[in-house]
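K.L.:
Which chain is which? The protein sequence lines are L, U, C, S, B and D, in order. Numbered according to the numbering used here, the first sequence terminates at residue 492, and the numbering increases by one at each position without gaps. Numbered according to the numbering used here, the second sequence terminates at residue 492, and the numbering increases by one at each position without gaps. Numbered according to the numbering used here, the third sequence terminates at residue 492, and the numbering increases by one at each position without gaps. Numbered according to the numbering used here, the fourth sequence terminates at residue 492, and the numbering increases by one at each position without gaps. Numbered according to the numbering used here, the fifth sequence terminates at residue 492, and the numbering increases by one at each position without gaps. Numbered according to the numbering used here, the sixth sequence terminates at residue 492, and the numbering increases by one at each position without gaps.
Possibly wrong hints are sitting among the right ones.
One copy or two, either will do: identical chains are not told apart, so a pair holds if it fits within one copy or between any two.
To be verified - Cut-off 25 Å, straight-line C-alpha distance, at most; resulting in silico cross-link-like pairs (PhoX-like, lysine-lysine):
| no. | residue 1 | residue 2 |
| --- | --- | --- |
| 1 | 359 | 433 |
| 2 | 482 | 396 |
| 3 | 359 | 306 |
| 4 | 303 | 402 |
Calculated from the structure, these hints are not laboratory results. Keep in mind that this is a model prediction, so the values were computed, not measured.
Protein chains: 6
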Amino acid sequence: MSADTSVPRADGRLPGQLRPLRFQNHIAPHAAGSTLIEWGNTRVICGVTIEESVPRWMKDQKVTGGWITAEYSMLPYSTLDRKARDISKLKLDGRSQEIQRLIGRSLRAVLDLEKFGSRTAWIDCDVLQADGGTRTASITGACVALGLAIRKLMAEGKITENPLTPIAAVSCGVVGGRPLLDLNYLEDKDAAVDMNVVMNGNGQFIEIQAAGEETTFSDSELAELLRLSRSGVTELLKLQAAAIESGS
Amino acid sequence: MSADTSVPRADGRLPGQLRPLRFQNHIAPHAAGSTLIEWGNTRVICGVTIEESVPRWMKDQKVTGGWITAEYSMLPYSTLDRKARDISKLKLDGRSQEIQRLIGRSLRAVLDLEKFGSRTAWIDCDVLQADGGTRTASITGACVALGLAIRKLMAEGKITENPLTPIAAVSCGVVGGRPLLDLNYLEDKDAAVDMNVVMNGNGQFIEIQAAGEETTFSDSELAELLRLSRSGVTELLKLQAAAIESGS
Amino acid sequence: MSADTSVPRADGRLPGQLRPLRFQNHIAPHAAGSTLIEWGNTRVICGVTIEESVPRWMKDQKVTGGWITAEYSMLPYSTLDRKARDISKLKLDGRSQEIQRLIGRSLRAVLDLEKFGSRTAWIDCDVLQADGGTRTASITGACVALGLAIRKLMAEGKITENPLTPIAAVSCGVVGGRPLLDLNYLEDKDAAVDMNVVMNGNGQFIEIQAAGEETTFSDSELAELLRLSRSGVTELLKLQAAAIESGS
Amino acid sequence: MSADTSVPRADGRLPGQLRPLRFQNHIAPHAAGSTLIEWGNTRVICGVTIEESVPRWMKDQKVTGGWITAEYSMLPYSTLDRKARDISKLKLDGRSQEIQRLIGRSLRAVLDLEKFGSRTAWIDCDVLQADGGTRTASITGACVALGLAIRKLMAEGKITENPLTPIAAVSCGVVGGRPLLDLNYLEDKDAAVDMNVVMNGNGQFIEIQAAGEETTFSDSELAELLRLSRSGVTELLKLQAAAIESGS
Amino acid sequence: MSADTSVPRADGRLPGQLRPLRFQNHIAPHAAGSTLIEWGNTRVICGVTIEESVPRWMKDQKVTGGWITAEYSMLPYSTLDRKARDISKLKLDGRSQEIQRLIGRSLRAVLDLEKFGSRTAWIDCDVLQADGGTRTASITGACVALGLAIRKLMAEGKITENPLTPIAAVSCGVVGGRPLLDLNYLEDKDAAVDMNVVMNGNGQFIEIQAAGEETTFSDSELAELLRLSRSGVTELLKLQAAAIESGS
Amino acid sequence: MSADTSVPRADGRLPGQLRPLRFQNHIAPHAAGSTLIEWGNTRVICGVTIEESVPRWMKDQKVTGGWITAEYSMLPYSTLDRKARDISKLKLDGRSQEIQRLIGRSLRAVLDLEKFGSRTAWIDCDVLQADGGTRTASITGACVALGLAIRKLMAEGKITENPLTPIAAVSCGVVGGRPLLDLNYLEDKDAAVDMNVVMNGNGQFIEIQAAGEETTFSDSELAELLRLSRSGVTELLKLQAAAIESGS
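Isolated chain L (complex conformation):
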C-alpha cells in the first residue's frame, strides 16, 4: 500500500498535506501564556496558568522540582449538536479524561521539572470548534502557550534556563485505503485506522496511539503512517517556533 499523492482529498489537500495552521497568541491575557490555535476548522484555546506552589503530595513526599497538569474540555457550542457540560452530568467525559491525560503525559515528558522550578503549570485546552484532530491541536497549541509562559517566567527572572523541549502532535489515518495526514472530521469518521503521534524535533517519539476503528492494521500501514506523521511534525515545529518567537 502506498499513498497515491496525485489524487487530492475531498478538501483539495494532498495525502501528506496539513490543513492551514494559525496561532492567535494572548487570547486570554490573564493567563501566563495563551494561544488560540486554528488548524483548519478546528479551534482550541490553550491557556497556561502558573501557580507558585506544588501539589501537597510532592511536599509530603519531598519531591523536588515543579509540576504540570492538563485539563481538556469541549465548549458546548464546539460541536454540531450541542455538547452538554460535564457539570450537568456530574461526570467528566471519558474521552476528555483520556485526552487530558495524554496532553499532560506528553508535556511532562519534555519539560525538565527541576529547571522549571518549584511551581505548577496548569494547561487548559478548551475546544471552540471541533473538526477533527482536537487532541493533537491541543498538544501542539499547549506547547506554544507553555513556551510563551516560560518566556514570561524567564523575562521575570524566575527561570534561568529554558526547561522545555518543543513537541508537536499530529493525527493520521487510513481512509478509503489511503494513508492520510491530519484528518478532518469527515475523514476521521471514515478512517479504518486512526493514529496520533507526538514527536520532538529530533524525530524521537513521545507518544504513539494507533487504533483500528472496528478493524485491524498491518505493519506496513503503521510504517507509512509514521512516515507521514514525521513529516507533519517537522512542519508543525517550525510554525510553533515562529509563533513563540513572535511573542504576540
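Please arrange chains U, C, S, B and D on chain L, whose structure you already have, making use of the hints.
P.N.:
The following block gives chains U, C, S, B and D in isolation, referenced to the frame of chain L:
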C-alpha cells in the same frame, strides 16, 4: 449626591462613560449564532445553539412555543488566580448559578416563545477574561448571538417574524462616594453599592439587582444609578444593533 | 398607575397590607437562636448555629472578625407537589442557591463582623410551607433568629456590643395592573413584575431585586413598588423587635 | 439481671417509663398528613405526601397496588454541633440511609398496598431536635402522619378500607447494668446495649435491631429489653390512636 | 411452631443445617489478610488492609488506639441481572451502606482497639456470587481475614497480644411456616421473617437484626430463630478457627 | 540497540519471555462467562454479563446489531497501599477510565456486532492483585470470558456463528536500555518506554499505545518492541484458545 463629571476615573473615563466595546461575531462557527464580546478588558464568548425540540416537561404539560435556557461559566484562565473547573469540585459554582439564572430570565422576558417556535435556544456564556461586569457583558453579548441565530433561522425560513426585543445590561455603582457607570474589577471591588440593570430600547426595565456591599444605599443613590444605567443601555443597544446588522 | 386602595384582593387584603405575621421562637432549642416565622400561609424555620471558629481561608488570609453563611432549603412537604430533596439529585437547586446567597449577602451587610468576633454564624432557613415570599420570610425570620443568638452570646459575655442592625425583607409586585405588597403564591404566579426589597430602619436599601416576569416595567411602577416596600418594612421591623425583645 | 424499678434515672424517670410525648398535627399543611412529634427533647417533623402514581419499575413489572418510600434527615440545627447538610458533601449520610430504610421497611410491613391503591406515599422525617431515639420517634410519628393522610384519602373517597395496621417503635438499652426504656441522648451514649423495636398492637414484632456497643449481650438481657419494649409500645399505640382520632 | 427436622428443604438440607463452607485464604496476596469465603453458592472476597495511621478526627480528639472501617460491594457479575457499579450512579447503594455499617459495627465490638495499636484496619468485602446471606458471609469471612492479618502483625512483632475475639454471623428465617437456618436466595425471597445474628463463642450476641418481610413475627418465632442461630454460629466458629490456624 | 537474550532479568526471565499464565474459568458462576486470569503476580477477574437488550441510543438511531461495553476497576486490596474506591471520591479514576475505554475499543474492533445479535455484552475487569500489566491482562482475560459467554449463547441456540476474532494484549518496554516483554511492576516503574499492543492471530494490530515515560524513543526501539510483542501475542493466543476450549 451627584456624579461629578469633571474628575476622571483611574482609567481616564468620565463617571457616565462606558468602556470600549467590540463584537467579534462567528467566533464559534458551529453555533447558530456566536460572538466574542470585548468590553474593556472583559471578554466573554457567547454562543447560541438551536435544538429542534423542547424539554420533556413542555411536551408532558402540553405547553406550546419554544424554550430558552442559559449557562454561564468562567474559563480557568479568565481570572488572575486560576479558577478551578466546576467538574473538579462536582458543584456548579454558586455565583455562576445565580448569573446563568439571570441571563435566562432576562432573555426569556423579551423572546416571544410562540413566535420562536417549538425549539430550544441554548445560550452559553464563557468568560475568557474577567475584569468586572461579566454578567452584564454576558447578557449584552448573548442578545447579539441570539439575534444572529434568529437571523439564520429566518433566512432558513424556520421563523417568519423576529421574536426578539433587543435588551442590554450594564453595571453601575457608588465608588468613593461617586456614582459610576460600567465598573471595572478594581472599581467593583471598592464599590459601596453595586447594581446591574437590564433594559430594553423603550427605557423599560427587565431586571434590576442592586446590593449594598457591606453597606446600605439611599433612594437618591438609586435614582442616580438608574439614570446612569439608562444612558449606558441606550448606547449599548446601538452597538448591538450594528453588530447584528453587520452579520459578520 | 397607582394602587387603588379601595378594592380588596382575593384574600381580602388592601394593596398595601401585609399578611398576618407571627414568630414562634426557640422552635429548635439546640440552635443558638431559632424562630418559626409564620407569614400568612408561608412558614419558615430559621435556625442560627454558632461555631467558635472561622473558615480556613480567613485564617490563611489573616482576615480578622467573624463570618456568616446562609443555607436555604424547601422541605419536601412544603409544596403542593412534593419537592425532591437536593441530595436525591446530587445538585443544589438553582433557586435555593440564589436565595441562600441573597440571605447571606443581606445579613453580611448589616452585621459588624469585627464586633461579632472570631466566630461563624450559620443561618439555616428551611421552608415548612410555601405560599409566596419564602425568601423574604427567610431574611426577616433569620434576622430575628440571629438577634436571639446574639442576645445569648451577649448574656454569656462573649460579645459586648450588639453587632447587628435589624433589617426586614418584603416582596411586592404588579398584579392585574395594580402594585401590591406582600404577594401570596397565587398573586405571585400572576405578577407581571416581581420585586424583593431588603431595608433597614433608616429607610436605607440593602438589596433590591426586581424582575419583569416575561414582561418589562417602568420607572413609575418601580417607584410605587418601592413606596409600598418601605411601608411594609417599617411594620415588619416593629414585629421583629417585639419578637426578639420577648425572647421566648 | 433485673430492672431495679426503685432507683430513678438522671432525669427522674423509672427504668420502664417513657419520656412525655406530644403530637402537634398539621405542622406542614401542604402535606396530606403531618405531625410534629415531641418526645422528651427529641422533635421530629413527619410529613406524608401522596403522589397519584407509582414508580416506573412497578408499571414495567406490572406490579399492582401502591408504594411507600421514606426519607430521613437531621436538620442542621437539630444537634449541638451543627450537622452539615448531605448536599454539601454530595453524600447521603450513612446513618440516615440506614434509618430511612428502617422506616420504609417498617411501614411497608403493615400497609396493605393493594387496599392503599395505585399511589405512592412519601414519608419524610426531619429531625428538629435530637436527644436520643430519633429513629423510633420517626417511625412512631410517621405512623400518625400516615394515619392522618389515609383519613384524608378516605374522606375524599379515594380509599374505602383503612389499609394501615398501627405500629409504634421504641428504643431501650442496658445502661450502667440496668435495662432502661426509651433512652435519651446521655443514656444512649453510655449504653452497653442499644435496641430498637417496632411492634404492632397484637404484640407482634415488625423489626428488632439490637447491637452491643463495643460489647456483647446475653439472652436474658435481650428478654428483659423485649419486655420493656412491649410495655412501651402498648402505651405509645394509645397516644398515637388519640392523636389520629383528634385529627387536628 | 417448631422446626420439623424430618422434612428436608429444596436443596436437601435439614432446617438447622448450614450450607457447605470453605475458605480460600490469601486470595489477594497484597492484602495483610484475605480469604475467599464460599458458603453454598455465595462467594465473598474479604480483604484486610492495614494502614499504619489513624483517621484525622482521632488525632484531633486525642483518641488513643486503632480504628477499623468496613466497605461492602457487590461485583457487577455477582447477581443474575448485572448490578451496576455505584460509581455509575454516583451513589453508594443503600443496602450496601447498611451492610457495611453492620460489618464495621460487629468487628468494632470485638476488636480491642487499644491492643490493636495506633493503626487502621480496612475491611473490604466484595461479593463474587450472591445466593443469599452475603452480609453474614461477609462478617464471617472478614473475621477470618482479620485474624490472618493480626497473625501477620503479631509475627512482625507489631502487636503482642491478640486483640480479636472471634465472631460469626448467620442468617435464619421463617419460610413456609418453618424456621430455617442459613437461607439461600430462593428461601430468602419467600421468607416471612428474616433475621441476621452475630455472636461470639460464649453465646453472647453482638448484633441481632430481625425484620418481618411484609408481615410480623411472634416471641416464639424469635426464640426458635435464636436457637437455630446459636447452633449455626457454634459450627461456624470452628470452621473459622481452622481456617485461621491453617494459615494458607 | 538489541535485546541481549543471554542476561536474565531480576525475576530470572529472558527479555522475550512471558510470565507464567493461568486461567481459572467460571470464577463468578452468575456471569455468562468469567475467568480469573493469573499472569505472574497480576490477577484480574474478568466477567461477562449478557443483557438481552441494547442501549436506548441504538434503538433511537435504529442501529442494528449488538453492543459491548467495558468497565475496569482495581479492588481496594489489589495494591500495596489500599486503593480507595471510586465511589468514596465520587469520581471514576482517570487511569481506570482510560483503561476501560481501551478494553471496550479493542473488543469492539473484533466482535462482529451483527452476528452477535441485538444484545449487550458487559465486560467487567476487576483487579485482584496488581503487579504490572493489568490492562493487558484485562484484555487478554476478557477475550477468554467473552469466548466462554459466546460458547454459552451458541449452546443455547441464541447465536449461530461465532462473532469473535480472538485477540491478546501484551505490554513491553525499554528498561535499563534493554527492550523487555511483559513488564512486571518493578520493571514498569523503571521503564523509559512503555508500550501496550493488542493484536490478533494474523499479526494485525488492533491497538498500539506507546509512551515515553519522561523521555522519548526512536524508530528502532519501536521496531524491536513491536517484534517482542508479536511473539508474546502468538503465545498468548494459544493459551487463550486452550482455556476457552477446555470450558471449565
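K.L.:
Tell me the hint numbers this structure goes against, listed in increasing order.
P.N.:
none
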